Amino acid sequence: MSELNIKIGDNQRSIPAPASVADAIKAFDRDVLKRSLAAKLNGEEVDLNRELSTGDEVLSIEPITADTRDGLEVIRHSTAHLLAAAVLDLFPGTKLGVGPALLDDPRYGFFYDVIAPRNLTEEDLPVIEKKMRELAKRNLPYRRENVDKARILEIFKERDEPLKCELIEEKVNGSASVYYIENSPFIDFCLGPHVPHTGKLSSFKLLALSGAYWKGDAEREQMQRIYGIAFAKQEELDAWLKQREEAEKRDHRRLGRELDLFSIDDNYGQGLILWHPKGGIIRNEMEKPLKEELERRNYSFVYTPHIAKRQLWFTSGHEGNYADSMYAPTTIEDEEYRLKPMNCPLHIGIYKASPKSYRDLPQRYSELGTVYRAELSGTLHGLMRVRGFTVDDAHLFI
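By the count of our numbering, the sequence shown reaches residue 438 at its end, each step adding exactly one.
The set of hints was computed from the structure by calculation and includes no laboratory data.
Predicted model only: the values in this text are computed from it and were never measured.
A portion of the hints provided could be inaccurate.
With a straight-line Cα cutoff of 30 Å, these simulated DSS-like cross-link-like pairs (lysine-lysine) come out [as the list claims (entries may be wrong)]: (1) Lys273 - Lys171; (2) Lys189 - Lys74; (3) Lys273 - Lys170; (4) Lys170 - Lys328; (5) Lys255 - Lys189.
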């Protein structure tokens, strides 16, 4: 009988082959296996049911448990796939985009981009979440198969998933792993790993629905992004939701509305702030100490237009490197103009307006200048991410 040489932590032993990663962990410590969601096999993250290859090599296994960052990523990634399975079950014909785990976003834990047969609404979220819980309770296994590129394309063409086919053409060379949730309509290609079965997922909640463009390109398909959060334990989820509830009470968008400080009106444009009189007072008080400090440092205040000839932005390099974030050109008397995304080239124009001797240096310019960025609607967030905002720009010419 052939054997496998396994190392977990500082311990090493041989176990009979054939065996999976789960079998190896079980041979060392059954309790650790109960807490494991996936594992690292010689540094590569793999599923617990991955079969181990025989040979003289010592196989190093590091269990990934729910109380680690890697474990949380496995939970959230698996929950994103559970979400997709629920949407496919409820809305046959849905086209899938991508569905990653989010570990560093304080607002969400995962999302999945979809194009459903009809426009989804916030009222659909509880229905989708209920379906997710039904699938979770059935303990459906996550299965992985390694498939060559031609077969993967065939699978997703048969399922009429053009966006997935596009990703496969771009990302897959020889072969790739395909995952499916047994007895569900969901199948995807990704690196994994996933939890062993859906029963490992219970502490999750769907949070929001927003618009998104495929690959973030406004010229491509418009999708709907479903956001959610997931944890290993219900008490962690409850604590996070409580914290979120408290944060919402202090949300600047809510306070801005309740205190009559500012507003955002779709009739005027998303991401464009209307400052009310009370908000203007606060803004003015915030600007005072900044202006006083700039005056103390001998800066001169300048003012520049909100629009400039397009050729200026070619000269500055903005057109070549930043065009996607700029508003489209407008033509006036056969000359193209663009709203400014930055103040810098215009301050240079002030400096160049007259000859300077070394005795005139340094020249210090400051401006509270409004600039404009063509941000996608899905990225806008109150005052934090907008399409028009004021920059406290200062430039020193020496």
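query = Any of the earlier hints contradicted here, and which numbers?
reply = 2, 4
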